[in-house]
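Engineer: Sequence:
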Amino acid sequence: MNGHTVSETNPTYVNGANRYRMPFVGILTPTHPQFEEMQEYVLPEHRCPEGYGLVFLESEEHSATYIGSVHQIEEYRAANTDGTAVLDISQGVTYAFWPHGEGWDKYLPANTWNPGGEGIVTEFDHPLGGKVTVYEYLKAGADGEKTPMVAFHCEHCHNEPERDHESAQANREPQDRRWTARNARVHIRQHDQRCRPIDPRIVETVTAVANEKYGVNNPVVTWESRCSTAGPCAQIRHLRAHRR
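Heads up: the sequence shown at position 110 corresponds to 110 in this note's numbering, and the numbers run straight through without jumps.
Think of the hints as simulated: they come from the structure by calculation, not from any bench.
Virtual Cβ for every residue (Gly too), placed ideally from N, Cα, C.
Take the hints with a grain of salt, since some may be wrong.
Claimed, not checked - With a Cα cut of at most 30 Å, we get these calculated DSS-like pairs of lysine-lysine:
#: 1; residue 1: K131; residue 2: K146
#: 2; residue 1: K106; residue 2: K146
#: 3; residue 1: K139; residue 2: K106
Claimed, not checked - Restraint ranges, calculated between C-beta atoms of paired labels, are given here:
#: 4; residue 1: V209; residue 2: D143; range: 27 to 37 Å
#: 5; residue 1: T229; residue 2: Q169; range: 19 to 29 Å
#: 6; residue 1: H46; residue 2: H165; range: 35 to 45 Å
#: 7; residue 1: P219; residue 2: E8; range: 45 to 55 Å
#: 8; residue 1: G129; residue 2: H46; range: 45 to 55 Å
#: 9; residue 1: G101; residue 2: A208; range: 48 to 58 Å
#: 10; residue 1: P49; residue 2: S228; range: 58 to 68 Å
#: 11; residue 1: T29; residue 2: P127; range: 46 to 56 Å
#: 12; residue 1: Q169; residue 2: G144; range: 13 to 23 Å
#: 13; residue 1: A79; residue 2: G16; range: 20 to 30 Å
#: 14; residue 1: H165; residue 2: V70; range: 35 to 45 Å
#: 15; residue 1: T84; residue 2: I27; range: 15 to 25 Å
Can you build the whole structure from these sequences, using the hints too?
Structural biologist: Right under this line is the structure:
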(Lines of atoms letter the chains of each structure in order from A and count residues from 1; the text may use other names and numbers.)
(Lines give C-alpha, C1' and ligand atoms only; values in the text may rest on other atoms or scores of the structure.)
Protein backbone atom coordinates (compact mmCIF):
# COMPACT_ATOMS: atom_id res chain seq x y z
CA MET A 1 0.00 0.00 0.00
CA ASN A 2 1.23 3.49 -0.84
CA GLY A 3 2.78 5.33 2.11
CA HIS A 4 1.62 8.79 3.12
CA THR A 5 3.14 11.43 5.38
CA VAL A 6 1.09 13.41 7.88
CA SER A 7 1.41 16.71 9.69
CA GLU A 8 3.55 16.73 12.84
CA THR A 9 0.76 18.56 14.68
CA ASN A 10 -2.25 16.77 13.20
CA PRO A 11 -1.87 13.04 12.47
CA THR A 12 -5.10 13.00 10.45
CA TYR A 13 -3.83 15.67 8.01
CA VAL A 14 -2.05 14.00 5.09
CA ASN A 15 0.51 16.27 3.42
CA GLY A 16 2.31 13.98 1.00
CA ALA A 17 2.66 10.55 -0.55
CA ASN A 18 5.48 8.22 -1.56
CA ARG A 19 4.04 7.76 -5.04
CA TYR A 20 1.69 9.71 -7.28
CA ARG A 21 0.09 8.99 -10.61
CA MET A 22 -0.65 11.52 -13.35
CA PRO A 23 -4.24 11.24 -14.57
CA PHE A 24 -4.19 14.54 -16.51
CA VAL A 25 -1.65 16.59 -18.42
CA GLY A 26 -2.72 19.90 -19.88
CA ILE A 27 -1.82 23.27 -21.36
CA LEU A 28 -3.22 26.64 -20.31
CA THR A 29 -2.54 29.57 -22.64
CA PRO A 30 -3.84 33.14 -22.98
CA THR A 31 -6.24 31.90 -25.65
CA HIS A 32 -8.37 30.35 -22.91
CA PRO A 33 -11.33 32.70 -22.26
CA GLN A 34 -10.76 32.56 -18.48
CA PHE A 35 -6.98 32.62 -18.53
CA GLU A 36 -6.68 35.70 -16.33
CA GLU A 37 -9.04 34.39 -13.67
CA MET A 38 -7.39 30.95 -13.67
CA GLN A 39 -3.95 32.50 -13.45
CA GLU A 40 -4.91 33.87 -10.03
CA TYR A 41 -4.19 30.37 -8.70
CA VAL A 42 -0.49 30.86 -9.50
CA LEU A 43 1.64 32.95 -7.17
CA PRO A 44 2.79 36.23 -8.77
CA GLU A 45 6.43 35.13 -8.79
CA HIS A 46 5.50 32.00 -10.77
CA ARG A 47 3.26 33.58 -13.39
CA CYS A 48 4.07 33.36 -17.06
CA PRO A 49 2.18 35.44 -19.65
CA GLU A 50 2.94 32.85 -22.36
CA GLY A 51 0.99 30.18 -20.54
CA TYR A 52 1.56 27.06 -18.47
CA GLY A 53 2.21 23.39 -18.88
CA LEU A 54 0.25 21.51 -16.22
CA VAL A 55 0.52 18.05 -14.73
CA PHE A 56 -2.09 16.94 -12.18
CA LEU A 57 -0.89 14.31 -9.75
CA GLU A 58 -2.86 12.24 -7.26
CA SER A 59 -2.45 9.53 -4.65
CA GLU A 60 -5.10 7.80 -2.60
CA GLU A 61 -5.07 10.58 0.01
CA HIS A 62 -3.32 13.56 -1.54
CA SER A 63 -2.91 15.53 -4.76
CA ALA A 64 -0.54 18.06 -6.29
CA THR A 65 -0.22 20.26 -9.37
CA TYR A 66 3.04 20.64 -11.25
CA ILE A 67 3.41 23.89 -13.22
CA GLY A 68 6.06 24.12 -15.91
CA SER A 69 6.44 25.77 -19.26
CA VAL A 70 4.21 25.00 -22.22
CA HIS A 71 7.30 23.87 -24.13
CA GLN A 72 8.34 21.41 -21.42
CA ILE A 73 4.94 19.72 -21.28
CA GLU A 74 4.66 19.59 -25.07
CA GLU A 75 8.04 17.83 -25.17
CA TYR A 76 7.01 15.51 -22.37
CA ARG A 77 3.82 14.55 -24.19
CA ALA A 78 5.72 13.83 -27.39
CA ALA A 79 8.28 11.67 -25.57
CA ASN A 80 5.75 9.80 -23.45
CA THR A 81 3.90 7.90 -26.15
CA ASP A 82 5.04 4.61 -24.58
CA GLY A 83 4.53 5.78 -20.98
CA THR A 84 8.21 5.69 -20.03
CA ALA A 85 9.18 9.38 -20.17
CA VAL A 86 10.31 11.00 -16.92
CA LEU A 87 9.09 14.47 -15.96
CA ASP A 88 11.80 16.76 -14.60
CA ILE A 89 9.96 18.67 -11.87
CA SER A 90 13.04 20.78 -11.10
CA GLN A 91 12.16 22.89 -14.15
CA GLY A 92 8.95 24.22 -12.60
CA VAL A 93 7.05 24.43 -9.31
CA THR A 94 4.70 22.06 -7.53
CA TYR A 95 1.63 23.18 -5.58
CA ALA A 96 -0.26 21.05 -3.08
CA PHE A 97 -3.71 19.96 -4.32
CA TRP A 98 -5.54 20.71 -7.55
CA PRO A 99 -6.78 24.23 -8.28
CA HIS A 100 -10.36 25.31 -7.72
CA GLY A 101 -12.40 28.33 -8.63
CA GLU A 102 -13.18 30.36 -11.71
CA GLY A 103 -12.44 28.36 -14.84
CA TRP A 104 -10.69 25.47 -13.12
CA ASP A 105 -13.84 23.58 -12.20
CA LYS A 106 -14.72 23.24 -15.89
CA TYR A 107 -11.12 22.77 -17.04
CA LEU A 108 -10.55 19.72 -14.83
CA PRO A 109 -12.76 16.72 -15.63
CA ALA A 110 -14.23 14.68 -12.77
CA ASN A 111 -12.21 11.60 -11.92
CA THR A 112 -12.27 8.57 -9.62
CA TRP A 113 -9.44 6.47 -8.23
CA ASN A 114 -10.73 3.22 -9.73
CA PRO A 115 -11.78 2.87 -13.38
CA GLY A 116 -15.55 3.15 -13.57
CA GLY A 117 -15.80 4.64 -10.07
CA GLU A 118 -16.06 1.36 -8.13
CA GLY A 119 -13.30 -0.18 -6.03
CA ILE A 120 -11.08 0.07 -2.97
CA VAL A 121 -9.20 3.34 -2.45
CA THR A 122 -7.27 2.54 0.74
CA GLU A 123 -7.68 0.80 4.07
CA PHE A 124 -6.44 1.12 7.65
CA ASP A 125 -6.07 -1.26 10.60
CA HIS A 126 -8.47 -0.65 13.48
CA PRO A 127 -6.95 -0.74 16.99
CA LEU A 128 -9.70 -3.12 18.13
CA GLY A 129 -9.41 -5.41 15.15
CA GLY A 130 -10.65 -5.45 11.58
CA LYS A 131 -10.25 -2.82 8.89
CA VAL A 132 -11.56 0.63 8.12
CA THR A 133 -11.91 0.74 4.35
CA VAL A 134 -12.25 3.72 2.02
CA TYR A 135 -14.06 2.67 -1.15
CA GLU A 136 -15.81 4.05 -4.23
CA TYR A 137 -19.23 3.03 -5.48
CA LEU A 138 -22.01 4.23 -7.76
CA LYS A 139 -25.27 5.37 -6.19
CA ALA A 140 -28.37 4.98 -8.37
CA GLY A 141 -30.80 7.88 -8.24
CA ALA A 142 -34.57 7.85 -8.73
CA ASP A 143 -34.04 8.69 -12.42
CA GLY A 144 -31.61 5.79 -12.84
CA GLU A 145 -28.58 8.04 -13.14
CA LYS A 146 -25.59 6.83 -11.14
CA THR A 147 -23.58 9.24 -8.99
CA PRO A 148 -19.97 8.40 -8.07
CA MET A 149 -19.62 8.25 -4.29
CA VAL A 150 -16.76 7.64 -1.87
CA ALA A 151 -17.22 6.30 1.65
CA PHE A 152 -15.45 4.64 4.54
CA HIS A 153 -16.69 1.63 6.47
CA CYS A 154 -15.52 0.29 9.81
CA GLU A 155 -15.61 -3.49 10.30
CA HIS A 156 -15.75 -3.03 14.06
CA CYS A 157 -18.87 -0.88 14.47
CA HIS A 158 -20.32 -1.44 10.96
CA ASN A 159 -21.20 2.19 10.32
CA GLU A 160 -23.60 2.73 7.42
CA PRO A 161 -22.25 5.33 4.97
CA GLU A 162 -25.72 6.05 3.58
CA ARG A 163 -26.94 7.14 7.02
CA ASP A 164 -23.79 8.75 8.42
CA HIS A 165 -23.10 12.10 6.73
CA GLU A 166 -19.40 11.96 7.70
CA SER A 167 -18.94 8.56 6.07
CA ALA A 168 -19.97 9.20 2.47
CA GLN A 169 -19.94 12.02 -0.06
CA ALA A 170 -20.00 12.67 -3.79
CA ASN A 171 -16.78 11.55 -5.49
CA ARG A 172 -15.56 14.02 -8.11
CA GLU A 173 -11.87 14.62 -7.43
CA PRO A 174 -8.90 13.74 -5.20
CA GLN A 175 -9.99 16.16 -2.47
CA ASP A 176 -13.23 14.21 -1.97
CA ARG A 177 -11.29 10.98 -1.44
CA ARG A 178 -8.74 12.76 0.75
CA TRP A 179 -11.48 14.13 3.00
CA THR A 180 -13.17 10.74 3.31
CA ALA A 181 -9.86 9.10 4.20
CA ARG A 182 -9.27 11.88 6.73
CA ASN A 183 -12.63 11.09 8.34
CA ALA A 184 -11.62 7.43 8.47
CA ARG A 185 -8.39 8.38 10.24
CA VAL A 186 -10.35 10.51 12.72
CA HIS A 187 -12.77 7.61 13.32
CA ILE A 188 -9.84 5.34 14.19
CA ARG A 189 -8.05 7.82 16.44
CA GLN A 190 -11.26 8.65 18.29
CA HIS A 191 -12.70 5.16 18.23
CA ASP A 192 -13.50 5.24 21.95
CA GLN A 193 -16.12 7.95 21.24
CA ARG A 194 -16.99 7.38 17.58
CA CYS A 195 -16.80 3.62 17.17
CA ARG A 196 -19.74 2.08 18.98
CA PRO A 197 -20.99 -1.34 17.83
CA ILE A 198 -24.75 -1.77 17.85
CA ASP A 199 -26.01 -3.30 21.10
CA PRO A 200 -27.52 -6.71 20.18
CA ARG A 201 -30.35 -6.04 22.64
CA ILE A 202 -31.49 -3.15 20.44
CA VAL A 203 -31.68 -5.45 17.42
CA GLU A 204 -33.66 -7.99 19.43
CA THR A 205 -36.08 -5.31 20.65
CA VAL A 206 -36.60 -3.82 17.18
CA THR A 207 -37.23 -7.27 15.72
CA ALA A 208 -39.69 -8.18 18.48
CA VAL A 209 -41.65 -4.94 18.03
CA ALA A 210 -41.78 -5.41 14.23
CA ASN A 211 -42.92 -9.03 14.59
CA GLU A 212 -45.72 -8.04 16.95
CA LYS A 213 -46.82 -5.10 14.81
CA TYR A 214 -46.96 -7.03 11.54
CA GLY A 215 -47.94 -10.43 12.94
CA VAL A 216 -44.82 -12.21 11.68
CA ASN A 217 -42.10 -14.27 13.30
CA ASN A 218 -38.90 -13.09 11.67
CA PRO A 219 -35.70 -14.27 13.35
CA VAL A 220 -33.27 -11.80 14.94
CA VAL A 221 -30.58 -10.87 12.43
CA THR A 222 -27.51 -9.36 14.02
CA TRP A 223 -26.14 -6.05 12.77
CA GLU A 224 -22.91 -7.77 11.73
CA SER A 225 -24.77 -10.47 9.82
CA ARG A 226 -26.94 -7.97 7.98
CA CYS A 227 -23.87 -5.93 7.04
CA SER A 228 -22.09 -9.06 5.82
CA THR A 229 -24.95 -10.17 3.60
CA ALA A 230 -26.57 -6.94 2.38
CA GLY A 231 -24.56 -4.01 3.73
CA PRO A 232 -21.20 -2.32 3.22
CA CYS A 233 -19.22 -5.42 4.27
CA ALA A 234 -20.81 -7.37 1.41
CA GLN A 235 -20.23 -4.48 -0.97
CA ILE A 236 -16.55 -4.18 -0.01
CA ARG A 237 -16.04 -7.94 -0.23
CA HIS A 238 -17.37 -7.82 -3.79
CA LEU A 239 -15.06 -4.92 -4.67
CA ARG A 240 -12.01 -6.71 -3.27
CA ALA A 241 -12.88 -9.85 -5.23
CA HIS A 242 -12.89 -7.79 -8.46
CA ARG A 243 -9.84 -5.69 -7.63
CA ARG A 244 -7.63 -5.30 -10.68
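Engineer: Decide, hint by hint, whether the structure agrees.
Structural biologist: Against the structure, the hints:
1. K131 <-> K146: holds, 27 Å
2. K106 <-> K146: holds, 20 Å
3. K139 <-> K106: Answer holds: K139 to K106 is near 23 Å, not above 30 Å.
4. V209 <-> D143: 27 to 37 Å: holds, 35 Å
5. T229 <-> Q169: 19 to 29 Å: holds, 25 Å
6. H46 <-> H165: 35 to 45 Å: holds, 38 Å
7. P219 <-> E8: 45 to 55 Å: holds, 52 Å
8. G129 <-> H46: 45 to 55 Å: holds, 48 Å
9. G101 <-> A208: 48 to 58 Å: holds, 55 Å
10. P49 <-> S228: 58 to 68 Å: holds, 59 Å
11. T29 <-> P127: 46 to 56 Å: Since the Cβ atoms of T29 and P127 sit about 51 Å apart, the hinted range of 46 to 56 Å holds.
12. Q169 <-> G144: 13 to 23 Å: holds, 21 Å
13. A79 <-> G16: 20 to 30 Å: With Cβ atoms ~27 Å apart, the hint holds.
14. H165 <-> V70: 35 to 45 Å: holds, 43 Å
15. T84 <-> I27: 15 to 25 Å: holds, 21 Å
Checked against the numbered hints given earlier, this structure breaks none of them.
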